[in-house]
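Chemist: Just so you know, the protein sequences line up as chains A and B, in that order.
Quick note on numbering: the first sequence equals residues 1 to 553 in the numbering used here.
Quick note on numbering: the second sequence equals residues 554 to 900 in the numbering used here.
Wrong hints could be hidden among the right ones.
What the hints assert, rightly or not - Partner residues aside, some chain B positions facing chain A, computed with beta carbon under 8 angstroms:
(1) Gly556
(2) Val563
(3) Phe567
(4) Val568
(5) Leu597
(6) Val610
(7) Ile612
(8) Tyr613
(9) Met623
(10) Ala690
(11) Ile691
(12) Met801
(13) Asp804
(14) Glu826
(15) Thr828
As the list claims (entries may be wrong) - Rough simulated footprint, nothing fancy, chain B against chain A, three-plus residues with beta-carbon under 8 angstroms:
(16) 65–75
(17) 216–226
(18) 348–354
(19) 442–449
Source of the hints: derived by calculation from the structure; they are not laboratory data.
Where a beta carbon is used, it is the ideal one built from N, C-alpha and C, also for glycine.
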Amino acid sequence: MGNCRRLDVGLFRLQLGFPEQTFSVLTKFLGEWARGGKMDPEMYYGLVTIHGTVLVFFVLTGGLSGTFSNFLIPLQIGARDMASPFLNMLSFWFFAIASVVMFSSLFITTGPASGGCTSYPPLSAMKEASMGTGLGMDLWLASMALFVVSSLLGGLNYIVTVLNMRTKGMSMTRMPLTIWAFLFTAVLGVLSFPVLLSAAVLLLFDRHAGTSFYLSEIFIAGKALPNVGGSAILYQHLFWFLGHPEVYIIMLPAMGMASEILSTHSRKPIFGYFAMILSLIGITVLAFLVWAHHMFVTGMSPFLGGIFVLLTLLIAIPSAVKVFNWLTTIWKGNIRFTPAMMFALGFVSLFISGGLTGLFLGNSALDIHLHDTYFVIAHFHIVMGISAFFGMFAGIYHWFPKMYGRFMNNTLGYVHFFITFIGAYVIFWPMHYEGVAGMPRRYYDYSNWESFKQFADLNQMISVAAIIVFFAQLIFVFNYFVSVWKGRKVTDPNPWKANSLEWTTPILPGHGNWDGPIPEVHRWAYDYKDNGEGGDFIPQNVPLREGEADDHH
Amino acid sequence: MSGLLLVLLVALIFVVLYQVARSSEMVARIQGEEIFDKRRNKILAYSMLVLMVAFFVGIYACHQYMMPLMAPIAASDHGKNYDFMFFVTLVVTGIIFVLTQILLFWFAFKYQRTGDKVPFHFAHSTKLELVWTTIPAIAMAVLVAIGLKAWFTMTSDAPKGAMQIEIIGKQFNWISRYPGPDGVLGKRYFTNINDQDNILGLDWKDQKNMDDIIVPNGEIRLVKDKPVELIIGSRDVIHDVGLTHFRMKMDAVPGITSRLWFTPTITTREMKEITGNENFVYEISCDQMCGVGHYSMRAVIIVETQAEHDAWLAKQQSYYAQNHAPATPAAEAPKVDSSKNITMNIK
Numbered sequence: 001m002g003n004c005r006r007l008d009v010g011l012f013r014l015q016l017g018f019p020e021q022t023f024s025v026l027t028k029f030l031g032e033w034a035r036g037g038k039m040d041p042e043m044y045y046g047l048v049t050i051h052g053t054v055l056v057f058f059v060l061t062g063g064l065s066g067t068f069s070n071f072l073i074p075l076q077i078g079a080r081d082m083a084s085p086f087l088n089m090l091s092f093w094f095f096a097i098a099s100v101v102m103f104s105s106l107f108i109t110t111g112p113a114s115g116g117c118t119s120y121p122p123l124s125a126m127k128e129a130s131m132g133t134g135l136g137m138d139l140w141l142a143s144m145a146l147f148v149v150s151s152l153l154g155g156l157n158y159i160v161t162v163l164n165m166r167t168k169g170m171s172m173t174r175m176p177l178t179i180w181a182f183l184f185t186a187v188l189g190v191l192s193f194p195v196l197l198s199a200a201v202l203l204l205f206d207r208h209a210g211t212s213f214y215l216s217e218i219f220i221a222g223k224a225l226p227n228v229g230g231s232a233i234l235y236q237h238l239f240w241f242l243g244h245p246e247v248y249i250i251m252l253p254a255m256g257m258a259s260e261i262l263s264t265h266s267r268k269p270i271f272g273y274f275a276m277i278l279s280l281i282g283i284t285v286l287a288f289l290v291w292a293h294h295m296f297v298t299g300m301s302p303f304l305g306g307i308f309v310l311l312t313l314l315i316a317i318p319s320a321v322k323v324f325n326w327l328t329t330i331w332k333g334n335i336r337f338t339p340a341m342m343f344a345l346g347f348v349s350l351f352i353s354g355g356l357t358g359l360f361l362g363n364s365a366l367d368i369h370l371h372d373t374y375f376v377i378a379h380f381h382i383v384m385g386i387s388a389f390f391g392m393f394a395g396i397y398h399w400f401p402k403m404y405g406r407f408m409n410n411t412l413g414y415v416h417f418f419i420t421f422i423g424a425y426v427i428f429w430p431m432h433y434e435g436v437a438g439m440p441r442r443y444y445d446y447s448n449w450e451s452f453k454q455f456a457d458l459n460q461m462i463s464v465a466a467i468i469v470f471f472a473q474l475i476f477v478f479n480y481f482v483s484v485w486k487g488r489k490v491t492d493p494n495p496w497k498a499n500s501l502e503w504t505t506p507i508l509p510g511h512g513n514w515d516g517p518i519p520e521v522h523r524w525a526y527d528y529k530d531n532g533e534g535g536d537f538i539p540q541n542v543p544l545r546e547g548e549a550d551d552h553h
Numbered sequence: 554m555s556g557l558l559l560v561l562l563v564a565l566i567f568v569v570l571y572q573v574a575r576s577s578e579m580v581a582r583i584q585g586e587e588i589f590d591k592r593r594n595k596i597l598a599y600s601m602l603v604l605m606v607a608f609f610v611g612i613y614a615c616h617q618y619m620m621p622l623m624a625p626i627a628a629s630d631h632g633k634n635y636d637f638m639f640f641v642t643l644v645v646t647g648i649i650f651v652l653t654q655i656l657l658f659w660f661a662f663k664y665q666r667t668g669d670k671v672p673f674h675f676a677h678s679t680k681l682e683l684v685w686t687t688i689p690a691i692a693m694a695v696l697v698a699i700g701l702k703a704w705f706t707m708t709s710d711a712p713k714g715a716m717q718i719e720i721i722g723k724q725f726n727w728i729s730r731y732p733g734p735d736g737v738l739g740k741r742y743f744t745n746i747n748d749q750d751n752i753l754g755l756d757w758k759d760q761k762n763m764d765d766i767i768v769p770n771g772e773i774r775l776v777k778d779k780p781v782e783l784i785i786g787s788r789d790v791i792h793d794v795g796l797t798h799f800r801m802k803m804d805a806v807p808g809i810t811s812r813l814w815f816t817p818t819i820t821t822r823e824m825k826e827i828t829g830n831e832n833f834v835y836e837i838s839c840d841q842m843c844g845v846g847h848y849s850m851r852a853v854i855i856v857e858t859q860a861e862h863d864a865w866l867a868k869q870q871s872y873y874a875q876n877h878a879p880a881t882p883a884a885e886a887p888k889v890d891s892s893k894n895i896t897m898n899i900k
């Protein structure tokens with residue numbers, strides 16, 4: 001699980017919160033990189049870079065889309081397995097190798113890549129520019145290339161499975177919203193990841209083959225480089241052409257799972273099923289048309305910037321529709337506060353908070369001040385970091401019974417929820433203020449800055465909160481692994497009384513998912529209503545009653 | 554030792570938590586799952602109300618703590634515009650924020666499970682969906698309109714008569730260049746750079762370079778109420794000229810020249826009085842990750858009156874004279890503190 005990898009946060013937050021002090025624990029973890037208990041700036045930037053890369057790509061992309069697509073798509077559409085189990089396996093092993101390569105870069109003498117998780121050239125292109133731009137950067141690029149391959153193999157498999165393997169009666173408009181979300185996630189990935197691969201290949205050429213795709217007119221380490229005519233900005237266009245869709249690759253699965261969980265535990269149909277699908281489509285299309293809002297201050301044409309402002313703020317509309325639909329879904333519901341439901345509610349709260357700050361950053365006239373400050377850190381950590389994590393946690397608590405035939409411990413789940421939810425706001429809310437005051441991101445130490453040093457106490461408080469929240473994640477890890485073997489056993493094949501097909505399999509589905517024939521689907525996935533026998537739900541495989549129509553639209 | 558104790562303490566907390574968690578399952582079994590679940594569901598529903606109250610109280614407390622630490626009022630024309638726009642966006646998003654967060658927590662509390670009631674089947678309403686597609690659309694249109702107006706103003710061409718100052722980033726400091734008496738910055742090219750006597754790579758065949766003044770620590774002196782255009786570049790990797798107090802920033806990209814203009818409206822001395830901080834300075838922060846010294850890439854801006862500026866300028870010696878003119882005794886390239894240098898005749 002990704003939680004172990006958040007250890008790096010603990011380490012670099014120590015530096016940010018306590019720039020003056022030394023910690024022997026740092027020397028224990030980092031050795032030469034923290035002589036005398038004080039972290040080397042080179043290592044600080046290395047950790048920040050690996051933190052961003054690992055969490056965005058390996059934890060949130062791998063953990064949400066990678067894990068849940070493979071798990072839920074066959075179960076929820078009524079298929080025995082993915083369309084190509086072989087591609088599935090290849091995707092898994094490419095992911096594993098990519099993870100090993102990325103992780104190994106922490107242990108080399110020159111340290112991991114340290115140019116930030118965006119790895120902008122020329123900083124990432126020339127060994128002279130930074131120590132991490134040596135072997136560490138090559139490993140970063142190799143790992144990302146392997147990750148892209150994994151992601152493409154997985155994505156193609158998801159699309160093919162959803163389009164071709166649905167059981168009888170499972171029309172597209174009867175699919176649970178989770179499946180819609182996974183489908184569009186895969187579409188986003190398949191269309192945008194190749195562009196990142198091309199960016200990485202060109203960067204490798206610049207690094208080792210003497211080309212000048214990104215390099216021009218550079219004087220470094222006492223000499224002028226021969227490269228002219230390239231554009232450092234080209235890389236940013238290529239990177240963000242993936243980078244922005246990537247945000248939605250992370251968000252869509254979380255949205256889909258939250259929709260499913262909010263509906264199930266409110267005992268109400270999801271409100272505006274078609275509006276939800278339309279907003280997914282809207283987000284998917286717009287995701288490809290907004291990338292340059294990450295580049296308002298690169299000196300690009302102001303007119304072009306204006307177009308991107310317009311397109312960026314447009315994305316707020318489908319997002320708002322989703323929020324209002326979630327609120328209406330729980331309105332007049334009959335809510336069971338399972339841990340999954342708590343996390344789904346937390347997801348909505350965080351998505352609202354983090355989404356709204358996007359309206360500041362998407363507007364270039366405000367971004368020109370807020371760009372690359374802690375306002376950005378607060379914004380994206382809340383919306384695609386914590387909020388996506390909440391979607392993932394909700395999914396894990398909800399489908400754990402399907403994965404292992406046991407429940408996770410509820411009490412630990414609630415403790416985990418409250419500490420994480422409150423902690424997330426304590427950590428990230430004040431960062432908005434730091435950003436409005438102009439405090440730049442990716443600084444190792446602020447104490448020499450007249451404009452930013454007043455935040456020293458605050459940074460210390462944030463560090464303490466972050467370390468507490470880190471330990472709270474261990475509660476989750478602990479709960480997870482203990483429950484796999486010791487958790488309360490599931491006795492009812494449909495413990496949440498949900499409608500979708502995965503709960504019609506045996507408690508622990510074997511190879512092929514269903515023992516007998518695959519069930520046929522007769523109704524949409526959210527038929528929470530009086531079933532005429534005192535129940536409040538009608539699963540998808542129950543035939544329509546006489547005179548009843550599948551009339552959710 | 555204290556490290557070991559800390560580890561023990563954390564381990565202990567985990568053991569206690571686990572025992573509590575297990576016993577809660579046991580209690581559930583003894584009391585009967587259903588009754589236990591009902592009671593717990595009720596407590597959790599009330600926790601939603603508590604969370605909501607704590608949330609808004611926390612936001613208020615945070616606001617009270619943070620406001621005295623914030624950056625002072627904007628010190629430029631664009632900055633005032635920015636502050637207004639920020640306020641408008643804050644009001645629009647603030648209303649949506651408060652409304653939706655309250656509804657979320659309130660609904661969660663209000664519609665907690667009460668027995669097996671027949672669910673309220675409400676799956677679709679075209680009217681409602683149209684309403685909440687239209688309202689955000691209108692709000693967005695307003696924000697885009699205000700935003701683009703401000704954006705096109707601040708990215709327009711600098712007004713005639715604006716001061717031109719070049720600022721170049723390198724790992725890890727800024728270098729600034731003033732055009733000198735001829736008012737024109739001469740040509741420069743990266744192959745001419747050397748760290749001894751031509752740090753910006755000025756082309757000495759270009760006569761316009763002869764009077765250009767270079768300040769190697771990047772200090773920039775601006776005149777109150779006089780527009781200034783910054784010509785921005787980089788020697789090595791991407792940097793970013795971050796001007797917090799003027800509410801602007803622009804990347805410095807090798808091989809590309811970017812520009813930025815604004816009109817400073819408050820002098821450094823006036824700002825010291827406004828903030829009550831004797832040490833106040835306008836700072837340029839590097840806002841784009843540029844390597845291991847990124848956090849230390851700082852330069853100072855001084856906003857002064859025209860008279861003060863002229864007096865300062867009169868004391869400056871051109872970079873060429875400092876480094877190349879044989880007559881100058883300052884061949885060792887005296888650096889920043891130009892007040893001690895021999896004054897040049899600048900007409």
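Chemist: Work down the list of hints and note, for each, if the structure agrees.
Modeler: Now for the hints, and whether the structure bears them out:
no.	hint	result
1	Gly556	holds (6 angstroms)
2	Val563	holds (6 angstroms)
3	Phe567	holds (7 angstroms)
4	Val568	violated (10 angstroms)
5	Leu597	holds (4 angstroms)
6	Val610	violated (12 angstroms)
7	Ile612	holds (7 angstroms)
8	Tyr613	violated (11 angstroms)
9	Met623	holds (5 angstroms)
10	Ala690	holds (5 angstroms)
11	Ile691	violated (10 angstroms)
12	Met801	holds (5 angstroms)
13	Asp804	holds (5 angstroms)
14	Glu826	violated (16 angstroms)
15	Thr828	violated (10 angstroms)
16	65–75	violated (count 0)
17	216–226	holds (count 7)
18	348–354	holds (count 4)
19	442–449	holds (count 7)
The structure fails hints 4, 6, 8, 11, 14, 15 and 16 (numbered hints given earlier, in ascending order).
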